[in-house]
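Here is how the chains run, residue by residue.
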Amino acid sequence: MLRGELSKLRGECEIAGRDYGRLNITIMKRELRGDRASVQSGLREYEDAGAHRFVIMQIGSRMTVATYEAELECLAALYL
Amino acid sequence: MNIGILFTVNEYSVDPASLARKMEALGFESLWIPEHAIIPVHTSTPLPESPQGQGQIPEVYSHICDPFVAMSLAAAVTTRLKLATGVMLVPERNPIVAAKEIATLDYFSGGRVMLGIGAGWLKEESEILGVDFAHRWSQTKEYIASMRELWTKPEPSFHGKYVNFPPVRMYPKPAQVGGPPILIGSKDKSALRWVA
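Listed in order, the protein sequences are those of chains A and B.
So the first sequence is numbered by the working numbering: it starts at 23 and just counts up by one.
So the second sequence is numbered by the working numbering: it starts at 165 and just counts up by one.
In short, the hints are calculated from the structure, not lab data.
Note that the Cβ used here is the ideal one computed from N, Cα and C, for glycine as well.
Among the clues, some could well be false.
Okay, derived cross-link-like pairs now, DSS-like style, lysine-lysine, Cα gap no bigger than 30 Å in a straight line [what the hints assert, rightly or not]: (1) A:K30 / B:K351; (2) B:K287 / A:K30; (3) A:K51 / B:K305; (4) B:K264 / B:K317.
The calculated label-pair distances, taken between Cβ atoms and stated as ranges, are [to be verified]: (5) B:E291 / A:A92: 36 to 46 Å; (6) B:V205 / A:I81: 12 to 22 Å; (7) B:S321 / A:D57: 50 to 60 Å; (8) A:S63 / B:P330: 53 to 63 Å.
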């Protein structure tokens with residue numbers, strides 16, 4: 023789906039005279055599921071399709087003073 | 165691939181400074197803060213993320229802190245982490261005041277601001293805040309154009325449908341020449357054209 027949308031975007035850039043190569047493509051998504059290998063594979067797919075950044079949406083997450091360090095370490099272990 | 169985290173910082177969560185400090189230490193690239201100044205008690209606008217657009221607005225939406233205050237707190241304790249809105253509801257803010265806040269934050273953070281922008285989806289919220297909801301993307305585009313004038317010119321002026329001001333001076337300018345990068349967030353079918 024991303025490849026298709028980016029192909030459309032490239033077309034719109036050509037029409038508008040905009041340099042597509044200067045755009046920064048960011049994916050915002052709740053979480054990629056699975057272990058580190060699955061998450062890394064998902065990120066590679068987005069990267070191969072043309073994305074530059076992946077933002078993990080933590081809407082309504084209960085990261086509190088007591089839990090945030092452990093939760094961030096878990097996310098880092100999966101995504102970084 | 166750069167990895168960021170969008171988090172609904174609120175009064176019950178970890179504070180933005182502690183969150184940002186730990187994120188930077190772990191190697192995350194960016195912290196993204198969403199925006200809802202208010203959530204009206206009575207709404208009929210469908211929630212965009214829900215499968216059939218029928219879900220209730222999550223309670224946390226009415227607790228999200230101000231993104232620019234949160235980003236300032238985060239900037240003060242970090243040196244590399246990028247600070248972003250995810251997304252700023254552009255037509256809900258006075259563009260001149262917003263341009264000043266953003267420029268100030270970008271200047272003092274050493275050019276670490278990114279602006280994810282949107283026009284807003286919650287009609288009742290937008291209308292309370294004076295948005296021309298039917299034409300909110302036109303309003304957004306004009307607001308951004310006027311902000312760019314303020315960020316880039318020594319004595320900018322602007323004359324549009326929604327924004328009008330004679331030559332003024334506004335400093336500091338953003339550290340990033342031309343202003344922070346702008347990322348458009350929208351599910352509208354015209355979004356790709358707006359990006360281009």
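Quick check: which numbered hints come out false for this structure?
-> Structure breaks no hint.
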